[in-house]
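Colleague: Given only the sequences and the hints, what does the whole structure look like? Please build it.
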Amino acid sequence: MNDQSLARAAVLRPPAAGPNPVLRLSGIGKSFPGVRALQDVELALYPGQVTALIGENGAGKSTLVKILTGIYQPDAGRIELDGAPVRFPTALSATQAGVTAIHQETVLFDDLTVVENIFLGHQPRNRFGLLDWGRMTREAKAILDRIGARIDPHVTLRELGIASKHLVAIARALSVEARVVVMDEPTAALSQTEIEELYELVDRLKADGKAILFISHKFDEIFRIADRYTVFRDGQMVEAGLIADVTEDHLVERMVGRSVDTIFPKRHAAIGPEVLAVEGYSHPTEFEDISFTLRRGEILGFYGLVGAGRSEFMQALFGVTKPSRGTVRIGRQAVAIRSPAEAIGHGIVYVPEDRGKQGAIRPLPIVQNVTLPSLGRTSRKGFLRMAEEFALARRYTERLDLRASALDQPVGNLSGGNQQKVVIAKWLATQPRVIILDEPTKGIDVGSKAAVHEFMSELAAEGLSVIMVSSEIPEILGMSDRVIVMREGRLAAEFPREGLTPEMLVRAAAGYGRAA
Amino acid sequence: MSTFLKSREAMLALALVALVALVESRFRGFAAPGNLAAVFNDTSVLMILALGQMLVIMTKCIDLSVAANLALTGMTVALVNAAAPGVPVVALIALAVGLGLLLGAFNGLLVWLLDIPPIVVTLGTLTIYRGVVFVISGGEWINSFEMSPAFTALPRMVILGLPVLSWIALLVVLLVAVLVRLTPLGRAILAVGGNAHAAVYTGISVGFTRFMAFVISGGLAGLCGYLWVSRYAVAYTDVAVGFELDVVAACVIGGVSIAGGIGTVGGAVLGALFLGVIKNALPVAGISPFWQLAISGAAIIVAVALNARAERTKGRIILKSAEHAA
Amino acid sequence: MSLAEGTRPRHIPDRLSGRMGHALRSWELLLLLVGVAIFVANSLLSPYFLSPWNLSDATFNFTEKAMIAFAVAMLIIAGEIDLSVAAIIALASTLMGLALQHGAGTPVLVGVGLLTGLLCGLVNGTLVTRLGLPSIVATIGTMSLYRGISYIVLGDEAFNGYPASFALFGQGYAWWVISWELVIFAVLAVAFGVLLHRTNFGRQVYVIGNNDTAAAFSGVRVQRVKMILFLLTGLMSGVAAVCLTSRLGSTRPSIAQGWELEIVTMVVLGGVSILGGSGSILGVVLAALVMGMVTFGLGLLNVPGIVMSVFIGALLIGVIAIPRLIRLARTGRAA
Amino acid sequence: QDDPVRIALVVKSLGNGFFEAANRGAEEAAAELGNVEIIYTGPTSTTAEGQIEVINSLIAQGVDAIAISANDPDAVVPALQKAMQRGITVISWDSGVAPEGRQMHLSPSSNELIGQTIIKLAADQLPEGGQVAVLSATSTSTNQNIWIEEMNKVMGDYPNIEVVATVYGDDLADKSYRETQGLIQTYPDLDAIIAPTSVGIVAAAQAVADAGKIGQINVTGLGLPSEMAGAVESGASKSFAIWNPVDLGYATTMIAYHLAQGDATAEPGAAIPMGRIGTATLDDNNEAAMAVPFTYDASNIEEFKSVF
Ligand SMILES: Nc1ncnc2c1ncn2[C@@H]1O[C@H](COP(=O)(O)OP(=O)(O)OP(=O)(O)O)[C@@H](O)[C@H]1O
Ligand SMILES: Nc1ncnc2c1ncn2[C@@H]1O[C@H](COP(=O)(O)OP(=O)(O)OP(=O)(O)O)[C@@H](O)[C@H]1O
Ligand SMILES: [Mg+2]
Ligand SMILES: [Mg+2]
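Protein chains in written order, with this note's numbering: chain A, 39 to 554; chain B, 6 to 331; chain C, 517 to 851; chain D, 714 to 1021.
Warning: the hint list may mix true and false statements.
Taking lysine-lysine and the DSS-like style, the derived pairs with C-alpha atoms no more than 27 Å apart in a straight line are [what the hints assert, rightly or not]:
#, chain 1, residue 1, chain 2, residue 2
1, A, K203, B, K325
2, A, K360, B, K325
3, A, K360, A, K395
4, A, K179, B, K325
5, A, K203, A, K256
Have a look at the derived ranges for each label pair, beta carbon to beta carbon [what the hints assert, rightly or not]:
#, chain 1, residue 1, chain 2, residue 2, range
6, D, G982, B, L27, 58 to 66 Å
7, C, P623, A, K419, 27 to 35 Å
8, A, K419, C, V699, 25 to 33 Å
9, C, V703, B, L27, 34 to 42 Å
10, B, A89, C, Q617, 36 to 44 Å
11, D, G948, B, A182, 23 to 31 Å
12, C, I842, B, G39, 33 to 41 Å
13, A, K360, B, G247, 56 to 64 Å
14, D, D870, B, G39, 31 to 39 Å
15, D, M797, A, R418, 32 to 40 Å
Hints in this document: simulated from the structure, not taken from any laboratory.
Note that the Cβ used here is the ideal one computed from N, Cα and C, for glycine as well.
Modeller: Put into structure tokens, the structure is as follows:
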């Protein structure tokens, strides 16, 4: 309560001798079925200043970005541009009003060229009202030069890697005459040099008098470029102010709402014999020469920058894609895994990163999702037995403390964290030996996250081996017994738990320090 | 990719030339300019419809009602012409196109506003439109002697060595090429089919774009309604029955991806010509007409198989060493 | 938060609402009502409608199509489609005719029909699951190919003179007015209902149709399931070919022309989502009955077939559009 | 007032000018007989399955007689047999049904006469001889095949005339047009096209006119005066023949009526009255021919083009 009003006052107070805000949001609320993503949110952006928006996963940051850019309509509240109320019914109207964004997910067109991706929706026209490709190409080159991206504007996007795609998204945001530029985790997929170039770009935009909203989980960069900050927690704004007035610890405290140590309750478990050994796994384009071992009761962390190829490697290990080379041993026995069904047969299961596409079958009930890979056990001679299915589903969902009104509810109606629990329950129900969790807490709320983490340690203690792919350093540091770092499809480093620092992980992932 | 797309069309063009050469090698005169022009003329209607269908398919929809639309507009203008021979042909063409647009808009609205899957919508309107033909004509034929001379003369009038029908087809090819390449709508059509989710982020209305594709396809079908009826100088309920599948086939052979987002005007034109050449060559080559169906079926399968091979999604390129090799 | 509460798991009920509530809002009920309405209307409009023999004759309007529709429904639920089914009938019938010319008896004829269906299904399945072609275009291609082969074999000829014992399937009666075809239809309806709704296989079909990537990630052998569905569809086309050939007593390459669209219409009218993932066999059965009754009822009034198809086209769009229109009018915006 | 005698006229497909004309004849007969109701019906496209559905609904209605022009002589047999079992009089006309599926068949003309007429029409314009081609309807239609057979039997009488090809237009205007183009292309010296089908002959005449071959290629065969008036005028067709479909519908109705009323029986040698047309005499197959085909040319086309 008090926090709220304090924060509100901070937003509304103009900076010392500063100008009026270009853009001001007040009382913004937005709900999705089962989730209240934003509630009574205030935000002000000032010309020539960078405002950092911070908050945990699922705090509602991206939702706010989508409201600002006309993709979602707020349920409540108002948006003012230069003091005048505005509405953004479509993405185009926001662009035309001078609000542009680099979205968190790259939302671009794989089959169109770079030029086209940059200008689609607001292409320059010639005097006959037809598209002016010459001008588009010239301008595209100019913008790409400006952000230091060495990308041929005529190639199709499919041919680019994730970092280049991200640069194209940035170029797209800069292709309109914008007054407000929103950047939702723009550095997440970039390498260090590209990040430096982006910082310079932000400085130039500031100098041009643009108002910038910068969303990031990395505190070093927030302190490097932001002038102001706003903290979200669970869809509400909890604090705003000047960066100069605060410390990192204070921001973290405000963000999470309690002390950080309690999040990762990794318990020590006895680490047993080797259960999985991978030797020389390679793929023509995705990864090369991956070798490691995993022991009983161990949690093995896989760290890397986004796009390092961890997910791809895990999927190959799970039999989704075919490796070109390499062997797998389970226990002492060499096995060939050619399909997920075989992997499951060998006791290896994979909780995918892309929950919506690869994990949950959203329109189907919880019970059918959970029992899918275990149908062989719940059925008799190929015929379904509903009672057995419900029993199995209940056993595992209750253990994970799933919040649902009934087991025959469609999974799609659940909140993200609960969907993730269903997916995890699905795999635990197969009683695996090795579980691969790919970004297990991505996009799920604080509470569920803690529950997932607690459960992971419990499983490890029971003798299950866990591979945890994560891009969150605290999660990696908190949960892993051992950490492997991947970079550009290769193993970059391997660290034991003791003495591991965020520094070491970042260096290995970005390719500066050469460890192990 | 773009060079690759070009090579796919080049491949198709090559196949077409090879086919013509094959027929010519056994039957002198097939490749004579005059005959090729005749084949082109004969394929005009298919080509126009294929271009409209291409736009629809590129938005990840399908329009199965084009042939029924053609029949209905054709019958309507024939009836008007028979009842009032004084109405100028230009007005009738406008009527045909206008009615076609309307029928296309009906499909488009159901897809846009009610979000009914396009295949269901056009499956329904396919039967409805053709039923209406039967109802308005009472099942009767409109024969050439009931049509005014101007009505039937236009498509076969020769200008600069080519019949007007061919010129109309060429004009449509040009217009659709301009639409796709040089207008925001054209690019929106490609974008919507390529990634509807991302299209929303770029401020493109997915529903409206699909609606427009249906409208254009309907308008072109309406135009073909007039062309067909005047060219064959007869209108009846079963005009062009089943032709929608030929139209889809022409698109598919031309490399238009049924999954949306991929397709070129050149491809669709070549696809239509490919079918046109086969249809015209069989009687000339003295191959029993009973073979025609099987041959075009096999051609469709081979064409999609080739396209599918080309389109197959490869893994992401992460390894630096693989980046340049790809 | 959950950490604190996590120690005491809370109970989650199996089912939220009773099944009744669900059933009352279902598509099947809507169809049933439509069916009853048509039945009543038919009885009022035509004095000939309510006669056992006439109703029995009317069943031939839909039985063969419905047999195929069951399999096509499963295929569509799994997110694929087969437009070559009518062409498979033509090819199967043609090959049965060839076998007949070589002196085959009834059992061999039936075997040839079913095998041809399976083989065609295998070809379709291979194109889709092995070569990765989109099923809609692959089967447009095989549709021309299969029927084309019939034309090559038969040209302007026809096969006839099928043995009397062969007539059983399409012309025989099991008991009183119950034809063997109706019996086959009923048995297949039950078999498909059990297969789709009561077995692991059926569950996998739904899963694939809702999200085939997640299905694959869950260990479902997606391509194998799809292949089986294509085989099943081919087989059902073979069964329908046997029935139809037996009923007509002759084979021409134009046999069953245009059935593919009628079958798809039947499936969609039955509430199967053309986008895959939902639908039931009961719905398809009801849709078959509704379509059969509409055509028969209008036939009794001597309404031309094309006007009947307008009616069915309107029914198809109407039953989907009207609920959405109402919702649109109520909320003032699209779904 | 008695219930009317209900006679169903089942045609190959609705929306065909020829059958519409036959229906007019049937109505004329009905008016003449009094207390007769004509049910004019048929499938939308020319398929046997469609006709069977129609037959089933006619059986259900308990009509008194079914007179059918069949799309397939064999496929409709079981359904028609069922009709006969239920006491319905079944005859075929125009395009016949296998003997076991009907009581009698009325040909518009005898097949021999038609076969002889179509070749004679072409030959009369070619005193020096020449090349002719045949454009037929669908490959499966019974009568076209028989007529072509009959035509071939008398080819010996025309030693200078060579039949170079037979192609199929499937009774579709566009396909017939394209097939004709193919003929023109393949046989530069072609002198005549015989199209024993009313759809094909119109399309062929159009294609010949479009190719600028009027005067070189004469299109002839069987056609309807209303549809062929333009072609005769332009010279693309010098002459063509057809029996009178109005008469055919009339005669069919008369026969169906008499058989249904029990006034006559269909057996070899029987003579069944056909009103103003005369009497049909059944041969050993219970078949009868109505009349000789009538030839239309520039001299009489004006008179008939508005009749049918
Ligand atoms: N389209 C949607 N439908 C349902 N729920 C949604 C939708 N979009 C977001 N949410 C939910 O709204 C909440 C806020 O999500 P949002 O993406 O804004 O978080 P965020 O702060 O951007 O998190 P992150 O740091 O992971 O990007 C989450 O609980 C999310 O699951
Ligand atoms: N080249 C690319 N093109 C488009 N999207 C990409 C690309 N690379 C990654 N993404 C998207 O970015 C998100 C994160 O990608 P990815 O799975 O590669 O990240 P990660 O899990 O952090 O890294 P890793 O590859 O090591 O698993 C996903 O939504 C993915 O679809
Ligand atoms: Mg976000
Ligand atoms: Mg990943």
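Colleague: State, for the Cβ atoms of D:M797 and A:R418, whether the hinted interval 32 to 40 Å holds or is violated.
Modeller: violated (54 Å)
Colleague: Can you let me know if the beta-carbon spacing of C:V703 and B:L27 is within 34 to 42 Å?
Modeller: violated (51 Å)
Colleague: For the hint 31 to 39 Å, verify it against the beta carbon of D:D870 and that of B:G39.
Modeller: 37 Å Cβ-Cβ, so the 31 to 39 Å window holds.
Colleague: Range hint 27 to 35 Å: satisfied by the CB atoms of C:P623 and A:K419?
Modeller: With a Cβ separation near 30 Å, C:P623 and A:K419 satisfy 27 to 35 Å, so the hint holds.
Colleague: Taking the Cβ atom of C:I842 and the Cβ atom of B:G39, is their distance within the range 33 to 41 Å?
Modeller: violated (60 Å)
Colleague: Would you say the C-beta atoms of B:A89 and C:Q617 sit inside 36 to 44 Å of each other?
Modeller: violated (57 Å)
Colleague: Does 56 to 64 Å hold as the CB distance between A:K360 and B:G247, or does it fail?
Modeller: Given about 42 Å between the Cβ atoms, the range is violated.
Colleague: Using the beta carbons of D:G948 and B:A182, state whether their distance is inside 23 to 31 Å or not.
Modeller: Violated, at about 42 Å.
Colleague: For the pair supplied as a hint, A:K179 and B:K325, is the alpha-carbon distance within the 27 Å limit?
Modeller: holds (24 Å)
Colleague: When you take the CB atoms of D:G982 and B:L27, is the distance between them in 58 to 66 Å?
Modeller: Holds, at about 59 Å.
Colleague: Holds or violated: A:K203 and B:K325, Cα atoms, limit 27 Å.
Modeller: holds (16 Å)
Colleague: Quick check: does the Cβ-Cβ distance between A:K419 and C:V699 fall within 25 to 33 Å?
Modeller: Given about 26 Å between the Cβ atoms, the range holds.
Hints 9, 10, 11, 12, 13 and 15 from the earlier list are contradicted by this structure; the remaining hints agree with it.
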